[in-house]
Structures are given as C-alpha cells and as structure tokens.
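Chemist: Residues per chain, in single letters:
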Amino acid sequence: SQGDLVANQKARIAEFAKQPKSRAHVAFVSNGVADFWTIAKAGAIAAGKELGCDVTVEFPGGGLSDQKRMLEDLLIRGVDGISVSPIDPKNQVEVLTLIAEKSLLITNDSDAPAAPRLCYIGMDNYIAGRMCGELARDGCKGGEVAIFIGRLEQDNAKRRRQGFIDGLLGRSSDPTRYDEPSKVISESGYTIVGTWTDSFDRAKAKANIEDVMIKHPKLALVTGLFEYNSTLAVEVFKQSGKSGKILIAAFDEGADVIEGIRKGTVLGTVVQDPYGYGHESVKMLHAFTKGDFSMVPSDGILSIPARVIKKDNVDAFWTDLKAKLEAGKAATKV
Amino acid sequence: MPAASPDALAANTRAVLRVRDVGHRYDGVAALAGITLEVRSGEVLAIVGENGAGKSTLLKILSGVLEHSEGELETADASGAWSACRMQSVRDAARAGIALVHQELNLSENLDVAGCIFLGREPSRFGMLQLAAMHREAKHWLACVGLAIDPSTLCESLSIAQRQLIEIAKALSTEARVLILDEPTSSLSAHETARLLALLRTLRANGVAILFVSHHLDEVLALADRVVVLRDGKQTGELLRSACDRAKLEQLMVGREIVAAPPRPQRTDAAVRLRVRDLVSAHAKRQPVSLEVRAGEIVGLAGLVGAGRTEVLEAIAGITESRGYAMLDGKLLRGGAAHRVRSGVALVPEDRARNGLFLENSLAMNLSLAWIDQHRAAGLVRTSGECALVDRMISRMQVRPAAPHRRVRTLSGGNQQKSVIGRFLAISPKLLLLDEPTRGVDVGARAEIHAQIRQLADTGSAVLFASSELEEVLLLADRILVMHEGRIVGEFAARAATEIAIMQLATGGGCEAASMERASL
Amino acid sequence: MKKSLGIITLFLAICIFTSIYGEGFLSGYNLMNLTQRTALFSILALGAGVVIVAGGIDLSIGSVVCLTGIMTPWLLVEHGWSPWSVIPLVLTMSAAIGLFHGLLITRLRLQPFLVTLCGLLLYRGIARWMTGDQSQGFQGGFEDVRSIALGRFEIPFLGDYRLPATVIPVLVIALLMGFCFSRTVWGRWLLATGRNESAARYSGVPTAWLTTGAYVVCSLLAGFGGMLFIFDTGSAQPSDFGNFYELYAIAAAVLGGCSLRGGEANVLGILVGTATLLVLRTAIILLGLGSQLEFAVIGGVLLLGIATDELVRRYSARRADRVSRVSH
Amino acid sequence: MKKSLGIITLFLAICIFTSIYGEGFLSGYNLMNLTQRTALFSILALGAGVVIVAGGIDLSIGSVVCLTGIMTPWLLVEHGWSPWSVIPLVLTMSAAIGLFHGLLITRLRLQPFLVTLCGLLLYRGIARWMTGDQSQGFQGGFEDVRSIALGRFEIPFLGDYRLPATVIPVLVIALLMGFCFSRTVWGRWLLATGRNESAARYSGVPTAWLTTGAYVVCSLLAGFGGMLFIFDTGSAQPSDFGNFYELYAIAAAVLGGCSLRGGEANVLGILVGTATLLVLRTAIILLGLGSQLEFAVIGGVLLLGIATDELVRRYSARRADRVSRVSH
Ligand SMILES: Nc1ncnc2c1ncn2[C@@H]1O[C@H](COP(=O)(O)OP(=O)(O)OP(=O)(O)O)[C@@H](O)[C@H]1O
Ligand SMILES: Nc1ncnc2c1ncn2[C@@H]1O[C@H](COP(=O)(O)OP(=O)(O)OP(=O)(O)O)[C@@H](O)[C@H]1O
Ligand SMILES: [Mg+2]
Ligand SMILES: [Mg+2]
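Chains as they are written, first to last, in our numbering: chain A, 55 to 388; chain B, 9 to 529; chain C, 529 to 856; chain D, 529 to 856.
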C-alpha cells in the first residue's frame with residue numbers, strides 16, 4: 055500500500071498540472087532546534103520568496119512526540135506539501151503515511167525509505183561521517199580518539215558515528231555495521247576510547263570533554279559530531295592549553311571551529327548544506343503544486359553532498375554562508 | 009441506662025481503665041513517671057497540675073497518640089474482666105472505647121463540619137459515604153454542644169471557639185466509654201462552658217467515664233468526683249471532691265497559695281493613647297466600633313464566642329484591612345501589621361499554633377523575634393543582648409523547662425502560650441493587644457502574667473485584651489467593655505462590674521438568664 | 529463547577545480565539561487530535577492530582593512514562609513477549625514504583641520532592657541503560673494492541689470527527705476519581721490527610737497507607753499513560769520520551785484547582801487544565817506563530833490567565849461584600 | 529556543621545571511591561574542573577536555597593540562566609554593546625524578573641509553583657524568539673570579560689591545580705548569606721517567614737517584602753550564574769541552555785538540608801550538596817561507566833545516600849535514648 059500511496063500522491067500532482075495552485079503553502083519541519091536548522095530555514099524562506107509561495111518552518115523542541123504533534127497540526131492547516139526530517143524513520147511510518155494521505159511528503163536530512171515519501175533531499179550521514187573519519191585519518195596517524203555527540207538515538211547520529219569510525223579505521227564501506235558505544239575499539243593504530251553523549255546540555259558536554267581528558271591523558275584526537283560538540287572541544291582545549299596538541303576533526307560550521315581551522319588547531323570540518331535542504335525542499339514542493347515532478351531523480355534521492363572545509367577553502371565558504379544567512383534573516387523580517 | 013441520682017452514683021461506678029506505673033520519656037527525658045490510677049465509669053476524674061506537669065502526656069498515652077515507654081495499661085471489658093492492652097494508635101484506643109479532645113486544635117479544615125466530626129468513622133456502606141445520615145447525626149451532636157451552624161459549613165471559616173466545640177462534638181459522637189478532655193474550656197466563654205459542664209454531667213449519669221483537665225479550678229471543683237494532682241510528671245495527690253477546696257488544690261499544684269493582686273488605682277486623668285472610631289473589619293459585615301484606651305489603662309473586652317472581639321483587635325493591629333480609623337497618641341495607624349508593630353502596637357494572637365508560634369524553632373528564637381528588630385544595630389542582631397533577653401524573658405514568664413534551645417513544639421501548651429506573650433512583652437509596646445492571653449496557663453503562672461501586664465501598664469502603655477473568662481476580665485481590667493454581635497453594648501468600671509451584669513449585656517438577654525447560668529456552674 | 533470557572537473561561541477564550549484567527553481549528557480532524565492528546569495527558573495529570581491532593585508531589589511521572597513507554601515495545605519487539613504478559617508486567621512495575629516511593633516517604637519520612645527527583649533520574653537512567661540508548665518502536669507491527677490508543681469510534685453526524693478510544697479509560701478514571709473524592713470514605717480520608725496529616729492521624733485515619741496509595745495510583749496512571757503514549761506515537765527515544773511531562777501534569781492539576789498545599793481536589797478542573805495546555809500548543813501552530821514562540825506564548829497566556837482569574841475572583845468577592853452590606 | 533554531616537559523608541564517600549577506582553580523580557586539572565563547575569552551579573543552588581528557605585520554590589532558574597546566558601553574547605557580539613552596559617543591564621533584568629515573581633506571589637497570592645512554571649516557559653521562549661533559535665557565542669572574542677569565569681589563580685605547591693576565579697564570588701555570596709541568616713535581622717525574618725508566614729506577620733515581620741526579596745535574590749543569582757555559565761562555555765543554544773538546571777539547583781539545596789517546607793537554611797550544606805551532584809557526574813566518566821548510566825547512577829546513589837542518612841540518624845537517636853535511660 056506504500057506504493058499505492060506514492061502513486062496516489064503522484065496522481066494528485068498530475069491533477070495540479072491541469073489546475074495549478076495559485077499560491078502554494080508548504081512546510082518544512084526539522085528534527086530539533088539547532089543552528090543547522092536556522093540555516094535551513096533561511097534557505098526555505100529564501101526559496102519561498104523567490105517562488106512566491108507561503109512557507110511555514112517548524113522546529114520541534116521536544117523529540118518524537120513533539121514532532122508528531124506538529125505534523126498533525128500542520129495537516130490541519132491544510133499545507134500542500136511537507137518536507138520533514140524524521141527523528142526515528144523506522145518507527146514513524148504511520149505519521150509519515152498520514153502526511154502522504156493528506157498532503158505531499160518529502161524527507162530531508164534523514165531518509166525514511168519505508169515511508170511513502172516522494173523524494174529524499176540530503177546526504178548520506180554515513181558518507182559524511184566517513185568524510186570526517188578520513189579527515190581525521192589524514193591529520194592524525196594513530197593514537198587515542200574520543201567521540202562526542204549530543205545523543206545517539208537519532209538515526210543520522212548513529213550513521214554519522216559509524217561512518218566516522220569506519221573512515222578513521224580505514225574499513226570497507228558498510229552502513230549497517232554497528233559498534234557498541236561503550237566498547238573500546240583498537241584497530242590499525244587507532245584506539246577509539248569511547249563515545250560520550252550529553253542530551254544537548256552544553257555544560258555537561260563541556261564537562262564530558264574535560265573529564266575524558268583526565269581519564270585518557272594520551273588523547274591524540276577528538277571529534278565532535280554535532281556542531282556544539284566541536285565548538286566546545288575548541289573551547290576546552292583553548293582553556294586548558296591543549297590547542298594544537300589534541301587534534302579536532304569537526305562537524306558543521308560553528309564560528310569557533312571556523313576560527314580554529316584558520317588558526318590550524320582544527321584539522322577541518324565536514325559541512326552539510328542545510329541551506330540547500332531548505333531551499334530545494336521548498337522548490338520541489340512548490341514544483342509539485344504546479345504539477346511538475348521533474349525535480350525528483352529516478353532513484354528518489356536528491357543528493358546534496360557534504361563538503362570538507364579545510365584551511366584552503368575556509369574563507370570562501372564562510373563569506374558565502376554569512377551572505378546567505380543575512381539574506382534569510384532579511385526575508386524572515388519582511 | 010437510666011439516669012442515676014447522686015447517691016446511687018457510687019454504686020453505679022465501676023473501674024474501666026487502669027493505669028499502673030506508667031511513665032513516658034521524650035528523647036530520653038522523663039516527662040511522666042510512676043502514674044497509677046483508675047478510671048471509673050459514671051465518674052469525672054479531674055487531672056490538675058502546673059504547666060508542663062505532664063497532664064497532656066498522660067492523656068495522650070491513654071488515647072493512643074503516644075505509646076508509653078514504662079508501665080502498663082489495662083482495660084475492663086463489659087463483663088468486668090481485665091486485660092492488659094497496648095495502645096499503639098488512635099484506632100486501638102477507639103476500639104477500646106476511648107476518645108480524646110486534644111489540647112491543641114486538630115481539624116482537617118478543608119472538610120465541612122460534618123466531615124470533621126466523623127473523620128475516620130464516617131457512616132458508610134462498602135466504603136460509600138452516607139452523607140444524609142452523616143449530616144443528620146452531625147446536627148444532633150452540634151446541638152448537644154450548643155453550636156447552631158449548618159453541618160455543611162467549611163471548618164476553615166469558623167472561629168477558634170467554634171472549632172473547639174466541634175472537637176468536643178467529635179469526641180462525643182464516638183459515644184466512647186471513656187471520654188478524655190484536655191482543657192476543653194480554655195477558649196470557651198462562660199456560656200458555652202456552663203453548657204459543656206451540664207452535658208458532661210449527663211454523660212456521667214449515663215455511665216461514661218470522664219477524664220477532665222482544666223486550669224480553671226472552679227470548673228474542676230464544680231464537676232469532678234475525684235481529683236488527681238500532677239507535679240513534675242509525678243502524682244502528688246489523689247483527692248475525693250469532698251476532701252478538696254481551691255486553696256488545697258493550689259497548694260498541691262503550685263506548692264504555695266496564690267494571693268490576689270491588690271486592685272490598681274483607676275486612671276481617668278491620663279492622656280488617651282488609643283482612639284478607635286467607627287472601625288469595621290473589611291472581611292466581616294459588622295457594625296462600626298469605637299473605643300478609647302488611656303495610657304496606663306488596662307481595658308478588657310468581654311463577650312460570648314463570636315461576639316467580634318478578635319475582629320476588633322485584629323483590625324487595630326493591622327492584621328485585617330478595615331475601614332474607619334485607629335489612632336495611637338494622636339497619630340493615625342496605617343499600613344499592615346509589620347508597620348504597626350514598629351509604631352508600637354503588638355497583638356498576642358488567639359490561635360497560638362497558627363498565628364503565634366514557630367513550632368519547629370527554638371524557644372529563644374520565638375522569644376526574641378520581635379525584639380531583635382527593635383534593638384538591631386545596622387541590621388545586625390545584637391547576639392549578646394539577645395541571649396540576655398531570652399534568659400530574662402524565660403524567668404519573667406516562668407517558661408518551663410528553662411531551656412532556650414528547645415523546640416517550642418516540645419513545650420507543654422501553657423508554656424507555649426507564655427512564650428508567645430513573652431515575645432511581645434519583650435518589646436514593651438505602647439499599645440498591647442491580647443486575645444485570650446492566658447489560654448491554657450496554670451493558676452500560678454496566670455497571676456504572674458497578670459502582674460507582668462500590670463507592670464507594663466504602669467510604665468504608661470495602654471493594654472486592651474479580650475478574654476472569654478469573666479473571672480480574668482474582672483481580675484485584670486481597669487475598665488470593661490462588653491461586646492455583643494459585633495457591637496460594644498456596655499461599659500463598666502472594674503469596681504462596679506459584676507459577672508451577672510456583664511453576662512446580661514453579653515448575651516443581649518435578661519438578667520435571669522445570665523444568673524441562672526452562673527448558678528448552674 | 530464554580531471552582532473551575534476561571535480555567536473553563538480561559539479554555540473557552542483560547543478555543544474561540546483560535547477558531548476565529550487560526551486555520552481549521554474546528555475541523556473534525558483537529559478536534560479528534562485534541563481529544564486524543566488531552567486524553568493521554570489527562571491520565572498523567574489525574575495521577576499527579578491524586579498525589580497533590582495527598583499533600584505530596586511526584587516529579588518522576590515523566591520518567592515512569594519513559595520507562596514504561598520504552599519497555600513496552602522493547603519487550604514486545606526486541607524480546608518477542610506476548611502482549612498478555614507485557615501489559616500486566618509493565619503496569620505492575622509502575623505500581624511497584626509508586627509503592628516504593630510511598631514507603632520511602634511514609635516509613636523513612638524522606639521528602640517527596642527528593643525521593644521522586646531521584647526517581648526522575650533513576651527510571652530514565654534505567655530505560656537508557658536497558659536499551660543502550662536505542663530508540664524503541666513497534667516497527668509497524670502490533671496493530672491490534674496499539675488500537676487501545678489508536679482505535680476510533682465513528683460518531684454519526686459529526687463529520688470526520690471520530691472519538692478516540694483513549695477517551696474511555698480517561699472518563700472511567702476521572703468519574704471514579706470524582707466519585708471517590710466526593711462520595712467514598714477513602715476520598716475523604718485522602719483529602720483530610722492532604723490538608724492536615726496529624727489531625728487525620730489523630731482521627732484514626734491510616735494516613736501512611738493513604739499517602740502510599742496516592743503514590744501507587746499516580747505511578748500506576750503514569751505507567752498506563754506511558755503505555756498509551758507509546759501506542760500512540762509508535763516509537764520513543766529513552767533520552768527524551770516523557771521529558772518534562774511531570775511539569776505538564778502538575779501544571780495541569782494545579783491550574784485545574786488543586787493547591788499544592790494539599791487537600792483540594794477538582795477532577796473536572798484537572799481535565800480542563802490539561803486541555804487548556806494542549807489547545808494552547810496547537811493554537812500556536814494553527815495561528816502560524818512559529819515554534820520559537822511556543823514557550824513564550826504558553827507561559828505568557830497561562831500567567832495572564834491565572835492572574836486574571838485571581839483578580840476577577842477578588843473583584844467579585846468585594847462586590848458581593850458590598851451588595852450584602854447594602855442589603856443589610 | 530552537624531546538620532550537614534550526612535551530605536558531607538556522602539560527598540567524601542563518593543570522592544574516596546572515585547579516587548581509588550577511577551583514573552585521575554585527584555589530578556590538579558580534575559580538581560580544578562570540579563571546583564569550577566561546583567562554583568557555577570552553587571550560585572544557582574544558593575539562589576534556590578534562599579527561595580526555599582522563604583517557603584517558596586523557583587522553577588524558572590534554568591530559564592533565567594538561558595535568557596541571561598543568551599542575551600550576554602547576543603548584546604555583546606550581535607549588537608556590539610560594551611560589556612559595561614551589558615553586564616549591569618542583564619543583572620538588572622534578572623532582578624526585575626525576580627521582583628515580578630515576588631509581586632505576583634505576594635500581592636496577587638498566586639501559587640509560586642505556577643508563577644515560576646510560567647516563567648520557565650516564558651523566559652526560554654523569549655530567548656528563543658529574540659535570537660530566532662540561533663545559538664549565540666563569543667566567537668573567540670571578549671577574553672577580558674570572560675576571564676571573570678575563566679580566570680585562574682596560581683597556587684604554590686599545588687601542582688597543576690589553579691584556583692578558578694569564579695570561586696571568589698561564590699565564597700563571597702555564601703559567606704554573606706551565612707552571615708545574613710545567622711546574624712542579621714533580615715535573615716532571621718526570612719527564616720521566620722518560611723516557617724510560619726502568618727506568625728511572622730503577627731510579630732511585625734514585613735513578610736511580603738521578604739518573600740519578594742527572596743525571589744529577587746534567587747533570580748539575580750540565576751542571572752549572574754547564567755552569565756558565568758556562558759562565559760565559561762563560550763556559546764549556547766536557546767532551546768537547551770540551562771534545561772533542568774532548576775531541578776539540579778533545588779536538588780542541591782534540598783540535599784544540603786533546606787527543607788521544602790521552608791525555614792531551614794544551611795549554606796555549607798548547599799555547597800556540599802552541589803559538589804556531590806557534580807562529583808557524581810564526573811565519577812561516572814572517570815569510572816568508565818558510560819553516559820547511558822549517568823542518570824541511573826546519580827538517582828540511585830542519591831536515593832541510597834538520603835535513605836542511609838535518615839536511617840543512621842534514627843539509629844543514633846535511638847541509641848542516645850537507650851544510653852540516657854541506662855545512665856538514669
Ligand atoms: N514532643 C515533646 N518532646 C519533648 N518533650 C515534650 C514533648 N511534649 C511535651 N514535652 C515535655 O513534657 C512535659 C510535660 O508536658 P505536657 O504537655 O504533658 O504538660 P501539661 O501538663 O499538659 O502542661 P499544660 O498545662 O501547659 O498543657 C513538659 O516538660 C514538656 O516540655
Ligand atoms: N478567619 C475567619 N474567616 C471567616 N469568618 C471568621 C473567621 N474568624 C472568625 N470568623 C467569624 O467571625 C465571627 C466573629 O469571630 P471573632 O473571632 O471575631 O469573635 P470573638 O468575639 O473573638 O469570639 P471568639 O474568639 O470567642 O470566638 C464569628 O462568628 C466567626 O464565625
Ligand atoms: Mg497540656
Ligand atoms: Mg476571639
């Protein structure tokens with residue numbers, strides 16, 4: 055029946071071709087509250103302005119049940135299409151199905167292949183994680199490595215972490231592999247001493263890094279797989295005089311991380327393109343309301359790949375991002 | 009059981025509860041030791057003693073509130089067979105047919121009157137309340153104690169005296185074999201007291217065993233068949249009614265005779281300190297009240313329960329908002345209680361547990377709380393002065409035990425009352441208001457407190473007090489104002505007043521009614 | 529009814545405002561969603577209410593929701609147990625948690641706030657440890673069991689409104705509770721215990737057992753609620769499932785007229801209080817205010833609501849006073 | 529001192545256990561970190577303590593931390609204000625928040641739980657709305673201002689232990705508070721108000737002002753704490769900064785011996801209570817237990833600790849009783 059639902063949605067899009075919607079209303083729903091999503095919001099709003107359609111952006115702050123509630127409420131408002139980043143795709147099939155029944159569904163940032171989504175916009179977190187792992191492998195030849203991440207329940211977090219481990223250890227590419235977070239992994243000269251989570255509490259996240267430095271004094275490299283984990287690693291090392299002594303392979307574009315890359319205390323960072331997620335989501339949903347299905351690639355995945363930012367391309371990247379954010383902010387105010 | 013005539017009394021009595029060598033320790037300190045006595049049906053056994061003598065402790069042991077640490081209790085069943093019993097909870101005592109009226113009020117005030125009376129023993133079928141029956145019965149017991157209120161009134165809205173009567177109704181409603189009353193009359197006025205005593209006589213005639221504690225020796229003498237005297241936790245005497253009189257009891261209790269203070273010279277020339285005009289308390293619909301108190305004068309407010317004395321005092325002290333005005337030394341009193349205490353107006357509240365005491369704090373803290381503000385230096389407490397003050401007040405008020413660091417909860421009721429009065433006497437207010445100042449205080453200490461109040465008046469302070477005890481009003485006041493249904497209906501100079509004349513005004517009725525009540529005492 | 533007037537007015541005001549200025553508030557589908565969410569949260573709020581009436585507080589509600597909500601799919605899906613053993617087991621476990629709290633509070637005389645705060649940490653910790661921080665879900669299965677929460681009854685003439693099945697247990701619990709408080713001995717005793725524990729004890733009320741019972745009921749309802757929540761959402765993450773639910777539950781109960789001093793019960797008020805909180809959340813989305821404003825709006829509206837309620841009450845008390853004085 | 533014996537013992541037990549079985553607990557760097565974190569959280573806990581002493585509760589602490597923590601870099605970095613205007617402004621604002629709570633509670637007689645719960649939602653909501661959910665940070669700048677929190681004093685003979693500068697304000701506040709409670713009229717009044725508001729009023733204590741003052745102090749300290757927290761971490765996200773800190777602060781105060789019934793103050797206890805909570809968190813990492821177990825371990829250890837404390841107290845009371853009876 056999932057196939058039916060996809061077909062059903064496609065039929066509705068075909069209807070739109072005959073009778074295009076005059077002014078579409080589309081929604082973009084994140085999986086939480088973060089800077090990452092503010093950038094995505096800027097992209098979504100910018101696209102809405104370019105195309106002349108209404109855009110509602112929602113950030114659920116309270117996990118799964120909060121996201122479910124927001125999606126249900128958006129359906130009540132009668133939005134024409136929703137682009138959502140499901141928190142737990144395996145188990146959220148019902149609410150996603152509901153969206154497909156009442157509206158048009160695409161996913162962003164983390165995919166839900168089992169749900170009747172028309173398209174997935176984003177990148178593979180496993181691949182992005184691998185990029186980060188390989189970045190670390192290039193910059194640090196062996197030693198103890200610690201992983202910090204907000205929490206591990208999210209699918210994208212799990213894949214990202216696994217990608218990092220596989221990339222660092224130079225293993226073959228296998229997204230289904232899973233290493234227990236509490237296990238110490240010693241392979242090919244590296245020892246991954248553990249993974250620490252903080253449930254988004256920054257004071258706790260900072261304390262985690264400080265405490266792990268005590269428990270593992272020989273730490274060679276850490277990675278912060280969520281934006282603030284990297285930022286805090288930069289901060290802690292600066293405060294404890296370990297800058298440059300313990301290397302950092304970062305994720306996302308925290309201001310301190312960018313500064314660190316410029317100074318050379320951070321190896322580099324893997325950035326996704328949240329602006330693109332937002333922008334392309336709105337663009338695609340808007341196209342649907344005009345009956346246009348051509349933006350969807352044949353495999354149903356619109357890939358917006360991650361990039362590695364190092365010392366050489368950091369300045370160009372930063373100015374571009376700033377400009378986009380400013381534009382987004384201006385658009386929100388209007 | 010038919011009502012027994014007085015001479016049949018002895019034949020009718022039968023021991024129902026025996027106490028043998030009972031003692032109790034609080035945290036290792038003995039409060040009661042070697043008590044041996046017998047409680048008989050159809051007899052009133054009065055227990056008297058100074059504050060802290062151990063009366064309440066004994067009664068609590070008998071009613072299962074406290075578990076005794078030494079000695080034995082025995083009860084007799086209907087056939088007269090004795091069995092030792094351990095009273096580990098109020099339920100055990102209730103099963104043995106024993107009910108207690110506590111010295112301190114203990115009502116769940118969110119319930120209605122009927123709910124309070126039947127709490128723990130509600131008429132029910134499979135756990136369902138039978139509300140109609142409950143209200144019907146509640147009405148009956150309320151009528152017994154002479155309280156004309158609807159059983160569905162919330163207890164929160166009642167005055168202290170009314171709550172006290174409800175406590176009594178509650179104990180009566182258990183139809184216990186042994187009825188224990190710990191100072192039931194301390195907040196009742198003569199009218200209610202007379203009624204209660206009559207009721208207890210009827211119960212006695214019906215074969216109920218009654219244990220009765222009171223600091224009012226005339227009540228004891230009027231009611232008791234036997235009197236047990238306690239002193240420092242020990243039994244110092246057991247007398248038959250026929251063998252005791254007031255002087256003898258005082259001697260046994262206090263160890264000396266109490267001499268009445270000489271009458272004070274009347275002050276009619278001194279300046280008016282307190283002038284109250286058309287005062288109406290905001291939360292009650294009452295008539296406006298006007299009165300004056302001169303410097304050095306002690307004025308007593310007499311009246312029945314609910315006459316509105318508390319309201320007048322609270323309005324003057326700024327506890328409740330009011331219309332009209334009160335002036336102290338020609339200056340209008342403004343603001344709330346805090347402000348007025350600073351300008352020299354202090355009120356000793358009626359409900360000491362709720363409005364007076366910090367039960368979990370030390371005696372010292374309770375005594376010095378008002379003083380520290382008056383004698384502070386740049387916001388700092390003068391600690392050495394504070395210690396001296398506490399010691400001084402403990403000896404002046406005769407608080408026992410004289411341990412400044414004891415939690416006030418562990419003091420006996422009378423000593424708690426002394427510590428509240430002490431707090432306000434310590435600041436020598438220009439205007440001292442007292443609401444039932446010696447509730448629960450023993451005869452010796454009462455004379456002492458009266459002396460302290462007189463001493464304060466002699467320094468030029470004005471004193472206005474309300475008391476339900478006519479005896480106290482007559483003894484202490486220079487001038488007496490009588491209140492009835494929220495109005496001041498009369499005024500007497502102390503010398504010209506008699507109990508009968510006051511009662512006549514207070515009840516709003518004829519002279520006969522009042523005198524009959526006195527006679528029935 | 530009269531006691532709940534303030535909260536009912538606030539509730540209606542929000543509903544009317546949202547249906548005028550928002551989109552689709554009165555649609556059957558929205559009303560159905562709101563009924564469902566109110567029903568789910570009410571179970572927790574009623575539990576919180578019982579403990580509050582008894583003069584205590586239970587901060588562990590959210591964590592019990594988490595533990596039971598996580599355990600249910602964990603046992604069903606990961607361990608393949610049958611629903612017939614899982615449901616009784618989970619409910620027994622939550623009752624046992626309540627018993628544990630109650631005994632610590634009444635026998636050891638520990639402070640309820642501390643005991644249940646430790647519970648807050650402990651049960652979520654156990655849930656996280658048990659599952660290794662993995663989210664748990666039904667993965668599309670167990671439709672039959674989940675219909676306890678997902679079932680809908682058709683109601684004629686009401687368009688696409690269908691009555692959620694969860695309403696039934698909630699109504700049963702609420703009616704039972706209302707009946708208990710007003711008509712049974714135990715309800716009376718609980719009210720008395722909540723206001724003045726020693727007075728109740730002196731009257732022969734078994735206060736320790738009643739207090740313990742209140743905690744058992746609260747945890748049991750939290751456990752039952754947790755199960756319904758997971759049936760409803762389908763999956764949950766141990767680290768955030770049920771986070772802050774205790775605050776919502778307590779807020780709903782207090783908003784509904786249960787004073788934290790204990791001894792005041794108002795079942796209708798609790799239900800309306802819960803509904804108010806949830807309608808507010810939906811209103812924010814339907815009015816298109818954006819989720820950033822969610823917290824600010826809920827906080828602000830509630831504060832305004834309770835302050836106005838108090839002011840109106842005072843004003844009317846003064847008026848009544850004046851009227852009766854004139855008539856004197 | 530004697531009152532805090534239980535919590536001090538628990539604290540020492542955890543420290544000793546961790547230094548034996550964990551790695552690097554006694555290293556200067558770790559002790560420095562612990563000092564710093566304890567200092568930061570103590571500020572909140574002391575504030576919570578003042579309100580608890582006054583017989584109230586403040587659930588908005590975490591949100592005030594969030595608001596001030598977010599506003600400081602927002603004004604400094606985004607708006608380019610000078611630290612000389614930002615710091616006073618932020619502190620004034622937090623005091624104003626406390627005043628607002630205090631007035632609502634004392635003048636309008638609203639329940640503290642409800643008022644501060646609304647605050648919890650409101651201030652975080654304002655922070656999120658103000659910044660558009662964008663995290664705020666110093667972006668490597670403002671080293672001089674941040675040294676309020678990041679400064680370290682060399683101490684001879686103590687290896688790589690350096691004393692965090694935050695200890696100074698904390699000690700000042702704690703000493704002042706201890707002094708106030710034991711020596712000043714206002715401290716006495718506050719204790720009296722917390723115990724029996726009505727009796728305090730009859731005794732001439734301006735209870736409404738004292739209660740209001742307690743809320744002002746609490747919010748002011750929360751605001752100051754929030755500023756130090758952001759100076760310490762460098763950046764924050766409005767949706768999660770300071771989440772649950774009120775519970776930690778209240779737990780620390782209660783653990784340290786402040787009864788939620790009010791009227792009991794124990795400044796030393798509050799400090800040790802805070803340290804206990806934070807040492808526990810570190811212990812979990814140094815013992816290699818993994819962060820999944822964090823909640824369970826903290827909850828379990830605390831529960832064990834308070835239960836043992838109570839049992840020991842009872843046992844010793846009974847012993848004292850027996851001894852005095854024999855000696856009689
Ligand atoms: N809870 C307690 N803990 C410790 N000591 C107590 C406690 N209650 C009473 N005491 C002490 O026991 C002694 C007897 O007190 P009790 O209350 O029985 O006196 P009482 O005869 O009823 O006095 P009063 O006439 O003042 O009511 C007193 O010294 C009192 O301080
Ligand atoms: N807190 C209260 N709330 C509402 N009504 C009250 C309250 N206190 C007293 N009343 C009512 O006000 C009336 C007057 O009570 P008040 O206490 O002033 O009388 P009183 O002369 O002091 O008598 P007593 O103190 O002997 O009962 C009483 O009938 C009582 O029902
Ligand atoms: Mg007594
Ligand atoms: Mg009175």
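For the record, the hints were derived by calculation from the structure and aren't laboratory data.
Among the clues, some could well be false.
What the hints assert, rightly or not - Partner residues aside, some chain D positions facing chain C, computed with beta carbon under 7 Å:
{"hint": "1", "residue": "GLY653"}
{"hint": "2", "residue": "ILE654"}
{"hint": "3", "residue": "MET658"}
{"hint": "4", "residue": "ALA779"}
{"hint": "5", "residue": "GLU838"}
Where is the CB? At the ideal position from N, CA and C, for every residue including glycine.
Chemist: It remains to establish, for every hint, whether it holds in the given structure.
Modeler: Okay, the hints, checked on the actual structure:
| no. | hint | verdict |
| --- | --- | --- |
| 1 | GLY653 | 3 Å, holds |
| 2 | ILE654 | 5 Å, holds |
| 3 | MET658 | 9 Å, violated |
| 4 | ALA779 | 5 Å, holds |
| 5 | GLU838 | 5 Å, holds |
In this structure, the one hint that does not hold is number 3.
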